[in-house]
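The chain contents come next:
There are 2 protein chains.
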Amino acid sequence: MRDMLIIDGLQYVNWNRQLFEEAQQSGVNTIHVTIAYWENIRETLQNIGTWNRHFLNHADLIMPVHKAEDILEAKRLGKVGIIFGFQNCSPIEDDVKMVEILHQLGVRIMQLSYNNQSFLATGCYEDQDGGITRFGKQVIKEMNRVGMVIDMSHSAEISTLEAIELSQRPIAITHANPLFFHKALRNKSDKVLKAIGESEGMIGFSMYPFHLKNGPDCTLRAFCEMVGQTAEMIGIDRIGIGSDLCLNWDYSVLEWMRSGRWTTGVDYGEGSAEKPSWPAQPSWFTGAKDMYTIAEGLSAEGFNEEQIAKVMGKNWLSFFEKSFSKSLINS
Amino acid sequence: MRDMLIIDGLQYVNWNRQLFEEAQQSGVNTIHVTIAYWENIRETLQNIGTWNRHFLNHADLIMPVHKAEDILEAKRLGKVGIIFGFQNCSPIEDDVKMVEILHQLGVRIMQLSYNNQSFLATGCYEDQDGGITRFGKQVIKEMNRVGMVIDMSHSAEISTLEAIELSQRPIAITHANPLFFHKALRNKSDKVLKAIGESEGMIGFSMYPFHLKNGPDCTLRAFCEMVGQTAEMIGIDRIGIGSDLCLNWDYSVLEWMRSGRWTTGVDYGEGSAEKPSWPAQPSWFTGAKDMYTIAEGLSAEGFNEEQIAKVMGKNWLSFFEKSFSKSLINS
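Protein chains in written order, with this note's numbering: chain A, 1 to 331; chain B, 1001 to 1331.
Worth double-checking, as some hints may not be accurate.
Claimed, not checked - So, partial list: chain A residues that the calculated Cβ filter (under 7 Å) puts toward chain B: (1) Arg42; (2) Leu45; (3) Leu105.
Read the hints as simulated data drawn from the structure, not as lab findings. By construction, the Cβ of each residue, glycine as well, lies at the ideal position given by its N, Cα and C atoms.
The task is simple: from the sequences and hints, build the whole structure.
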């Protein structure tokens, strides 16, 4: 099992050398890291600049993933592969040409909206869901062309279904759980899950407590049962892990994620006035090292070795092979 | 002669399909194109976005040059290779990390200053020349690291000499002429020329009338004599062409080049209140097609075939081989 390819479909970590070391020692081979929420393009370039320095200063521990083969190269070298992603489309501002520019800078995954309405799509916290916008359709075409994954983790239902329909490449929900497992605005209906399955997309299961039945008290067994049920519903090839692991941030960053610049009030997102802060993690998943615990849980649930390998990394790898490859479509 | 590699060390053209066709038919193999003067990073990204569309829409005529081999590839394919360059350091704003980001987006040449003082160096129109600044030293180091050419075409003398001294890679003056040929703030002293020669840098001779003896009335013979004299002074390997060909722009663009956002008045740059507009070109150089006329002029001046080949392109090629290659220096 220690030789298994492990890919985490989303983490949001305030990285430093110690955390890179921990990630590398954890056995995780590649991580999709969030590098923007509400940042405009200028602020995003600064974040990319910071990452460029990380790649230079910690070249012994991490490397950028620009194509699927880089994931295997990272594994061979014993480094952690890093895939850049945005949890919102703020970085492209109002300019479709920024998609290619950000792709040139290494960005490979972008959510069409965070919790709110964006220029492209509706977020899962809005009352009305207008689906994919005019600009959204152009951006989907451009993301398809350059090879940037459309991620609908935080988007509303109609927008998500339309994105699946419009996109010429399969799309991803990098980090969320099924609604049948736990009722939350961020979790996904059977309809969305099935559409993901039929279109050869991917869903990454989240260990963020707000997405779990009974929150931090969710058991590993309940989690793995849910994985099993989803596999039955949409197929073993369409599922992976997107832990949504958040590490080393203070409360102000949670405020930034939730409230950006769009409200002068306080938005608690998935939290509440009583519990505004970062939630406690379930005991069986407190860091990347616990990816093996998940694998063991799946084994106990009756998954065979090949099935476990798929869920823990192989499915993401095949998805990224299709997703990052050169232009499907001309201009 | 029609098989000769031709590289133009600088053009500033308002490109469209017709002009790309003309460039391709002219026999010029690679052009260093200016894509920013006073643009900040956001505006520069827009310019790069426009170029990305050019590369897509005119893929039969042009291709980006990111490494020296791309120049030979462009020649093989019969396309015009395009090297991105800035005539000022405005695009990096106050952020050294933008050097690598712009390099990732294909930029390979940057002037440390235009006519004015910049954050990095002094421009040739200032009264005082403080040399390379603290930030300038950091940027030179970073440009050396990533492989971006330092261009001092519009910089003042002390700044230029210091840049040559500080840089671990040879630097370029992509477009200017010797002061001994024509007295102008933009032309270069013997001291600068010799320092360029000794450090294995390059100077590209300009056909912009303000840099020529007798302006538009300068004869081809006088121009070629000057090339010969410079070759004697600094060596046949250190010289090339940087035509400074400007095409298809209206007067407002000349105003932007000269006055940017730094004055509410009018700055005439190399022009004057009496002759504010674009100057007429010398009759023997009105477009890229006339590069062969230069080559013929050099032949009449007594240059042999190999020498002509060096001046017209081979010297730039060797210079770019050294300049664009991967990191010389770590971090």
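Results for each hint:
no.	hint	result
1	Arg42	holds, 6 Å
2	Leu45	holds, 6 Å
3	Leu105	holds, 5 Å
The structure shown violates none of the earlier numbered hints.
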